[in-house]
Every structure is written in structure tokens, then in C-alpha cells.
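Protein sequence lines, in the order shown, are assigned to chains A and B. Numbers given in my numbering equal positions in the first sequence, counted from 1, plus 1387. Numbers given in my numbering equal positions in the second sequence, counted from 1, plus 45.
One thing to keep in mind: the hints can contain errors.
Residues from chain B that keep clear of chain A, each with C-beta distances beyond 12 Å, as calculated [said to hold, decoys possible]:
#: 1; residue: Leu198
#: 2; residue: Gly276
#: 3; residue: Val303
#: 4; residue: Asp385
#: 5; residue: Thr393
#: 6; residue: Gln410
#: 7; residue: Met413
#: 8; residue: Ala445
Derived SDA-like pairs: lysine to any residue, alpha-carbon spacing no greater than 20 Å straight-line [as the list claims (entries may be wrong)]:
#: 9; chain 1: B; residue 1: Lys50; chain 2: B; residue 2: Ala437
#: 10; chain 1: B; residue 1: Lys444; chain 2: A; residue 2: Ser1392
#: 11; chain 1: B; residue 1: Lys444; chain 2: A; residue 2: Asp1529
Since the hints were made in silico from the structure, they are not lab data. In this text, all values refer to a predicted model and were calculated from it rather than measured experimentally. Ideal Cβ positions, reconstructed from N, Cα and C, are used throughout, including at glycine.
Letter by letter, the chains look like this.
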Amino acid sequence: MSDLSDLYQQTILDHNRNPRNFRRLENANRIAEGHNPLCGDRIKVYVQVDGDTIGDIGFQMPDGAGCAISKASASLMTAAVKGKPVAEAETLFQAFRDMLAGGAIAPGKLAAFGGVRAFPARVKCANLAWHALHAALQNQSDPVTTESSRDF
Amino acid sequence: MLETKKIRPDFPILARQEHGHRLVYLDNAATTQKPRHVLDAIVGYYSTSNANVHRGAYGLAVAATEAYEAARGTVARFVNAWAPESVVFTRGTTEGINLVAGSWGRTHVKAGDTVVVTAMDHHSNLVPWQILCAEKRATLRMVEITADGRIDLLDFGRALEQRPRLVAFPYVSNSLGTVNPAAELTRLAHAAGAVVVVDGAQSTPHLRVDVQALGCDFYALSGHKMLAPMGSGALIAKPALLDEMPPYHGGGEMIERVWDDHSTWNKIPHKFEAGTPNVEGAVGLAAAIGYLERLGMERIAEHEQALAAVAIERLNDIEGVTVYGPKDHRAGVVPFTYGDIHPHDLATILDRDGVCIRAGHHCTQPLMRRLGVAATARASFYIYNDVDDIDALVTAVRKAGELFGVPA
């Protein structure tokens, strides 16, 4: 049986308490919104793309709250992709999604979310920010929701 | 207080272990568990009386019809309906309200009319009226709530000055636990010339309901929130209103005669029950009512209110916990938040101790905006819960505080 400490690892609790890049980017040229209608959580991801690189990235949770998993995931995501090529961010998104679907553990600090797999009700919380980033990079204007994408 | 030690063994699911703990089920406002009596009634119906109702010329079909119509009589008596034909079986409260909106509403609400709802209505008593008002170009007027979570009577009065065609409100709020003064609200709405729709999803399971004393025109209830199977429920309505309403769904059973290009309608309530009905649901609902009546609705209400009072006091002892809803006039629903811990995280942590609560917006997003929160955690009680369950709840909430480093 998995323990609560597998889900709420110190890295996750730390990023929940002190989220990184938790700000609106004034010079963002890609913005996308993610929404989980089941819990009401919303996230807005701001990306400033320079050529093929993510020059800067930030996020906000417009309704003032997100659960620890969604907020920490967004925070760790921004830290992981900042300064990286867009293609590498998409690769990390795939790796993260694969991990939550039961595949290999994702690289670096993203591995902290491996414990989410034992909590199926929380997988969408962890995925929300990544789907919003993906939408931003794809220049999608409609908000993505956890209920519209089949393989969320 | 009810003797929960005698009640709990009637519920097979309560023997389930959750992560090595006994199941502490505190999500009764979402749905309740089912006693052996209800499960046996359903199995008994299929084992002895199953056939399609209202059409067979053989004894078995007569037995099925008798079981179904006896259940209607049981529901009618339980809520003191005007007559058995006041009871239209539905899939639940949502369908009951949609029936009123789709039939009465589409016939009577015209462009420029006003429909009144409240800021504490469940989406199921809001969205059908939004759809109707958009279609008819009518105005939807939402009555505000007070800071402590009651319907604002001053604003209710202002809304009635618009002479609304229809007024809808919940008897008991699923998000706050507020018990609204339903008879008084109905009297005021009638004085303004409105037809009154009461969402009874959270009241019928928990207190003695008398629709004739309330005086409302329509009252919708759900079986699954009162020990009965999912997909069972009823709309209770004044027979005269049902008589003049057009059908909601077309199909078998609801017709009298069918011609190539038109049909005439069956009498009420069958006019509103197109297709083969949920007979096992009706039979299960009648069995559930029998079980509740043996305990006594007054005792059930007292039991839940006592548990809610204990839970509120014990949760308020925890620094950082905020409990929502009024001080009194409340049912066994306890919504709360704890510091900056998101309710979803709370629910996950409590689940590891076997404690099932609801976290989220509880299908009341306009209310959540007014409370200034994205979500709340909600514990809600029923006949099998006791103070041990509150101990488990409070212990698990404290544990969440330690994990997240909320100052204790």
C-alpha cells in the first residue's frame, strides 16, 4: 500500500508552499488556460518563446487556489522547461504523461510525481499544468479542460 | 441519538476496509449507502414479480404493476402528497426539475417574464432555468444569500416585486446545510403570483416533509440520497397543474390513442412516464421509506443535527479551520476549509484513514464565488454515522495539518 508520503513528497510540499515562477509574464507571447471542471481548479500558463526556446515562463491560478499537486506540478514544470528548447519541453510533457499512465519515471525532479500513480483520483491534478503548457506551445486559444482530452 | 450499533449491521458496505481502516462514510449529501432491506427488496422484486408494468394480461405483469403502483402510494404518503397521481417517478431530482422546466416552463414562461432562483441552488435547480430563460428570452433573477449562508429575505422580497412567473429554491442547501423557511418562502412567492418549485433532494432524506403544509406547486426528490437505488426519484406536483401540462417525453405508456400524425395523452401521472419505468428503483425507494419510517424522520433529523453540532464544535477547535453555513437551522451538512490546504488534498489525506468526504464546488459554483473560495471540504451525516466517525474525521484533519505544516 502506498503511503501519503509517497504522494506528498517533500519536493511537492515545498513547491506547493513556495511555488516558483508563480507570476504573470507581461511579455508572454503564448498564453493558455487549463481547467479541471471536476474540482474547479484553473491554471493560466504564460510563455515567452524566443525562436525555438522557452525564454521565460510563469503561471497563475486565477481563482486563487489550486491543490498541492496541481500547484507543485506547475511550479516544477516551469522550473524544468525554462530556458529549454520547445521540442525538449514537449518531450518532457510526453515523459511526464507516460509516467502518470504507469510508464517509466520522468527525469530529474519531475520524478517526485511518480507517487501520484497510486492515487488515480489525483492524476489529472498533476497533468493540468502540462496540458496548459502544451496548448500554449501549440498556440491553442481555447482553454483545455481535463474532461475534453481523452488521454488527459 | 439513534442506536447506530443496531443500524450499522444493516448496511453491508460498512464492513468494507479502506486502506486498512474501517470505512467512515461522510459523503451522504452526495449519495447514501443502502441497507440490506432495500437490496433484498430489489432482489425480491426480480426474483418473484418481474414483468413489464401496465400492459400485461397475465398474473405476473399484474404483480409487477401492483408493486410499482404500491411504491407510488408509499411515496405519496411519505411526503403527504395531494394524491398518488401527484407522484411522477423520475430518475431523480434533476429529472424532476427538468420536467417542470421543459413542460410547465415552456408552456407558461414567455419573453420578458422573470424566473427567480437563489445563489445557493444546486446546478440542477439553476441550469434548467438558465436554458429555459435563454430559450424564452425571459430574465433569470438570482436571489442573494446573507453572510452566514441563508437566503437574503430582503433580496427575495425585491425579486418578488418583478412578479416572477416561477420561483425555485432548495429546501435544504447541499453546500451549506441551511434549512430554508420553505413554507414562508412559498407563501411569499404565491402572494406575488408565482408558481413554486422546491428542490427537495437534501430535505426529503433528513426531515419530515409535508408538501401540502409547504404549499409548494412542485417538489422534486432523489431516492439515492435516502437509502434507495440510484436512478430512483419522484416529482411531486399538484394534480391540477400536472393535468394541464403537456407531456415531457413521448413514447409508450404516456399515450391514450396514437394516430398516424398525432396522439392523445394518458392520464396523470402516466402522461409523464414514457417508456418502461424503473420498477426496481420504485420498489427500492418504497423499501427505503419503510426503513426510514421505522426509525422516525424526527429522530433522524435530531440525530444528524446533533452530529453536525459536535462536528462543528470539534472542527472549530482546530486553529485555521473555517466552518461555513448558518449557526442554526441547519441539517447534517458541515462544509469547511483548513488554512491554505486545498480541499482536494484534505480529501486525499482523509481517505487514507478511511474517511470519505466530498471536496470541490458541490455543484454550486455561484455560491462558491460568493463564499470567496474555489472549493470546500464537506462532511455530511446520515443514520449510520456516530461520534466515532467524527473522531476519525477530526483526527484525520489534524493529520493533514501536520503533513502540510499548518500551525496547530
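Going through the hints against the structure:
1. Leu198: At about 29 Å from chain A, Leu198 (chain B) clears the 12 Å cut-off, so the statement holds.
2. Gly276: holds, 21 Å
3. Val303: Val303 (chain B) is indeed farther than 12 Å from all Cβ atoms of chain A, at 40 Å.
4. Asp385: violated, 8 Å
5. Thr393: violated, 6 Å
6. Gln410: For Gln410 (chain B), whose nearest Cβ neighbour in chain A is about 7 Å away, the distance does not exceed 12 Å, so it is violated.
7. Met413: violated, 7 Å
8. Ala445: violated, 9 Å
9. B:Lys50 - B:Ala437: holds, 17 Å
10. B:Lys444 - A:Ser1392: holds, 12 Å
11. B:Lys444 - A:Asp1529: Since the Cα atoms of Lys444 (chain B) and Asp1529 (chain A) sit roughly 39 Å apart, the hinted pair is violated (cutoff 20 Å).
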